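Given only the sequences and the hints, what does the whole structure look like? Please build it.
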Amino acid sequence: MSSNIYTIGFTQKSAERFFSLLKHHGVQRLVDTRLNNTGQLAGFSKRDDLEYFCKEIVNISYFHWEESAPEEAALKAFKGKEISWEIYAGEYLATLQKRRVEQASTSILGDAACLLCSEAKPHHCHRSLLAKYLTEKGQVQYRVVHL
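Under my numbering, residues 908 to 1054 are what the sequence shown spells out, in order.
Hints should not be assumed to be uniformly reliable.
Straight line, CA to CA, 27 Å or less: simulated DSSO-like cross-link-like pairs of lysine-lysine [what the hints assert, rightly or not]: (1) 1028 to 988; (2) 962 to 983; (3) 983 to 953; (4) 988 to 930; (5) 986 to 1028; (6) 953 to 930; (7) 1005 to 962; (8) 962 to 988; (9) 1039 to 953; (10) 1005 to 920.
Simulated DEER-style distance windows between Cβ atoms [as the list claims (entries may be wrong)]: (11) 989 to 1030: 18 to 26 Å; (12) 974 to 1050: 21 to 29 Å; (13) 966 to 997: 37 to 45 Å; (14) 923 to 991: 32 to 40 Å; (15) 959 to 992: 16 to 24 Å; (16) 1028 to 931: 14 to 22 Å; (17) 1030 to 984: 17 to 25 Å; (18) 950 to 983: 15 to 23 Å.
For the record, the hints were derived by calculation from the structure and aren't laboratory data.
Given the structure is predicted, the values throughout are model-derived calculations rather than measurements.
Heads up, the beta-carbon is just placed ideally off N, CA and C, and yes, glycines get one too.
Take a look at the structure:
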């Protein structure tokens, strides 16, 4: 069985562009992988607002997958340039393995889910690591599409 798994970041996108991409690609569920999703810097993508917008604008479900978020200490160290991308990626992948996220992935993702984080580009972003991890370890064969 093969499904698409999409990834998207909200920064450097207007709400119109963001929701148009989700709609155009037939996304059925937006899966929020962010550690912090309620702050003012999140703009239109604050958790409660985003859940409402997903339902009302594009008629898709929203799910905050807390177990897929990076650990706070590692994220802070990477953002503060205290550790390299390689070290951060290794720590994040170890966290995913420890949490066994692949065991819940099929029920959370379904057929057309989109992993959400903050970064505009998928490079050096945990959503890319998560998508790759789920492709390699999950029960479903995913094709990763970055929006």
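Do the hints match the structure? See the list:
no.	hint	in the structure
1	1028 to 988	holds (18 Å)
2	962 to 983	violated (32 Å)
3	983 to 953	holds (20 Å)
4	988 to 930	violated (36 Å)
5	986 to 1028	holds (15 Å)
6	953 to 930	holds (19 Å)
7	1005 to 962	violated (32 Å)
8	962 to 988	violated (37 Å)
9	1039 to 953	holds (26 Å)
10	1005 to 920	violated (33 Å)
11	989 to 1030: 18 to 26 Å	holds (20 Å)
12	974 to 1050: 21 to 29 Å	holds (23 Å)
13	966 to 997: 37 to 45 Å	holds (38 Å)
14	923 to 991: 32 to 40 Å	holds (36 Å)
15	959 to 992: 16 to 24 Å	violated (34 Å)
16	1028 to 931: 14 to 22 Å	holds (19 Å)
17	1030 to 984: 17 to 25 Å	holds (19 Å)
18	950 to 983: 15 to 23 Å	holds (21 Å)
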